[in-house]
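Protein chains in written order, with my numbering: chain A, 1 to 72; chain B, 1 to 72.
Treat the hints with caution; some may be incorrect.
As the list claims (entries may be wrong) - Cβ-to-Cβ under 7 Å is the rule here; a few derived chain A residues that face chain B:
| # | residue |
| --- | --- |
| 1 | Ala12 |
| 2 | Gly15 |
| 3 | Lys59 |
| 4 | Leu69 |
What the hints assert, rightly or not - In silico EDC-like pairs for lysine to aspartate or glutamate, Cα to Cα no more than 16 Å straight-line:
| # | chain 1 | residue 1 | chain 2 | residue 2 |
| --- | --- | --- | --- | --- |
| 5 | A | Lys59 | B | Glu70 |
| 6 | A | Lys62 | B | Glu70 |
| 7 | B | Lys59 | A | Glu70 |
| 8 | A | Lys52 | B | Glu28 |
| 9 | A | Lys26 | B | Glu70 |
| 10 | A | Lys38 | B | Glu57 |
| 11 | B | Lys46 | A | Glu28 |
| 12 | A | Lys46 | B | Glu28 |
| 13 | B | Lys38 | A | Glu70 |
| 14 | B | Lys38 | A | Glu25 |
| 15 | A | Lys67 | B | Asp13 |
| 16 | A | Lys62 | B | Glu28 |
| 17 | B | Lys62 | A | Glu70 |
| 18 | B | Lys67 | A | Glu25 |
| 19 | A | Lys67 | B | Glu57 |
| 20 | B | Lys14 | A | Glu70 |
| 21 | B | Lys62 | A | Asp13 |
Unchecked claim - Label pairs and their in silico Cβ distance ranges:
| # | chain 1 | residue 1 | chain 2 | residue 2 | range |
| --- | --- | --- | --- | --- | --- |
| 22 | B | Asn17 | A | Gly48 | 16 to 26 Å |
| 23 | B | Asn63 | A | Lys14 | 19 to 29 Å |
| 24 | B | Gly48 | A | Lys22 | 29 to 39 Å |
| 25 | B | Lys38 | A | Ser35 | 27 to 37 Å |
| 26 | B | Leu45 | A | Glu25 | 14 to 24 Å |
| 27 | B | Asn47 | A | Arg37 | 31 to 41 Å |
| 28 | B | Cys36 | A | Leu20 | 14 to 24 Å |
| 29 | B | Asn23 | A | Arg37 | 14 to 24 Å |
| 30 | A | Lys59 | B | Ala12 | 31 to 41 Å |
| 31 | A | Asn23 | B | Asn47 | 25 to 35 Å |
| 32 | A | Ser35 | B | Arg37 | 21 to 31 Å |
| 33 | B | Ser33 | A | Pro34 | 12 to 22 Å |
| 34 | A | Asp13 | B | Ala12 | 35 to 45 Å |
| 35 | A | Pro34 | B | Lys67 | 11 to 21 Å |
These aren't lab readings, by the way, just hints derived from the structure by calculation.
Where a beta carbon is used, it is the ideal one built from N, C-alpha and C, also for glycine.
Protein chains: 2
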Amino acid sequence: QERSSKGRCFCADKGANMVLVKNIEKVEIIPPSPSCRKHEIIVTLKNGGGQKCMNPESKFTKNVIIKALEKR
Amino acid sequence: QERSSKGRCFCADKGANMVLVKNIEKVEIIPPSPSCRKHEIIVTLKNGGGQKCMNPESKFTKNVIIKALEKR
């Protein structure tokens, strides 16, 4: 995952459309801020898999997050 | 926000139903893991406001997160 060279947004490109759900340790949603105008969704992967930017508009990203909200 | 004394889940209780959106620096969604059987949604507040557990089932929490996904 190439970091944004401009040093403002964490995610340089649109981000991945999919990752293996079982590899997800954490999902971070970072709202727009003065330093980065767009929403960023960053997934931390298990077992030192590092961080990966997710495309906020991909169906997968939405489903993973919404499922997290619905789980009893 | 009282931490879970059992040292497993980060959130000891059900969590807040609402926070001021403009105070949100980051939203973290932590799926269930061997050390904590439930989904946890933790909001980091701006200006050193610390972290706050959110109730995953509260309408507010869902709306804030879903809005983050829909923003162009």
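Now for the hints, and whether the structure bears them out:
1. Ala12: Nearest chain B Cβ about 18 Å off; hint violated.
2. Gly15: The hint is violated - Gly15(A) has no Cβ within 7 Å of chain B, the shortest such distance being about 12 Å.
3. Lys59: violated (10 Å)
4. Leu69: This interface hint holds because 5 Å falls under the 7 Å limit.
5. Lys59(A) with Glu70(B): Measuring from Cα to Cα gives roughly 11 Å; hence the hint holds.
6. Lys62(A) with Glu70(B): holds (9 Å)
7. Lys59(B) with Glu70(A): Roughly 11 Å separates the two Cα atoms, so the pair holds.
8. Lys52(A) with Glu28(B): holds (14 Å)
9. Lys26(A) with Glu70(B): violated (20 Å)
10. Lys38(A) with Glu57(B): Roughly 26 Å between the alpha carbons, so the hint for Lys38(A) and Glu57(B) is violated.
11. Lys46(B) with Glu28(A): Status holds; Cα separation ~15 Å.
12. Lys46(A) with Glu28(B): holds (15 Å)
13. Lys38(B) with Glu70(A): Judged against 16 Å, a Cα distance of about 11 Å means the pair holds.
14. Lys38(B) with Glu25(A): holds (13 Å)
15. Lys67(A) with Asp13(B): Answer violated: Lys67(A) to Asp13(B) is near 20 Å, above 16 Å.
16. Lys62(A) with Glu28(B): Measuring from Cα to Cα gives roughly 14 Å; hence the hint holds.
17. Lys62(B) with Glu70(A): holds (9 Å)
18. Lys67(B) with Glu25(A): Given pair Lys67(B), Glu25(A) is violated - Cα atoms ~22 Å apart, limit 16 Å.
19. Lys67(A) with Glu57(B): This hinted pair holds, its Cα atoms lying about 11 Å apart.
20. Lys14(B) with Glu70(A): holds (14 Å)
21. Lys62(B) with Asp13(A): Violated - the C-alpha atoms of Asp13(A) and Lys62(B) are around 26 Å apart, more than 16 Å.
22. Asn17(B) with Gly48(A): 16 to 26 Å: violated (35 Å)
23. Asn63(B) with Lys14(A): 19 to 29 Å: About 24 Å separates the Cβ atoms of Asn63(B) and Lys14(A), which means 19 to 29 Å holds.
24. Gly48(B) with Lys22(A): 29 to 39 Å: holds (35 Å)
25. Lys38(B) with Ser35(A): 27 to 37 Å: Since Lys38(B) and Ser35(A) have Cβ atoms about 33 Å apart, the given range 27 to 37 Å holds.
26. Leu45(B) with Glu25(A): 14 to 24 Å: At 22 Å between Cβs, range holds.
27. Asn47(B) with Arg37(A): 31 to 41 Å: violated (20 Å)
28. Cys36(B) with Leu20(A): 14 to 24 Å: holds (20 Å)
29. Asn23(B) with Arg37(A): 14 to 24 Å: At 19 Å between Cβs, range holds.
30. Lys59(A) with Ala12(B): 31 to 41 Å: holds (34 Å)
31. Asn23(A) with Asn47(B): 25 to 35 Å: At roughly 33 Å between Cβ atoms, Asn47(B) and Asn23(A) fall inside 25 to 35 Å, so the hint holds.
32. Ser35(A) with Arg37(B): 21 to 31 Å: Roughly 36 Å apart at Cβ, these two residues miss the hinted range, so it is violated.
33. Ser33(B) with Pro34(A): 12 to 22 Å: violated (34 Å)
34. Asp13(A) with Ala12(B): 35 to 45 Å: holds (39 Å)
35. Pro34(A) with Lys67(B): 11 to 21 Å: At roughly 19 Å between Cβ atoms, Lys67(B) and Pro34(A) fall inside 11 to 21 Å, so the hint holds.
Of the numbered hints listed earlier, those contradicted by the structure are 1, 2, 3, 9, 10, 15, 18, 21, 22, 27, 32, 33.
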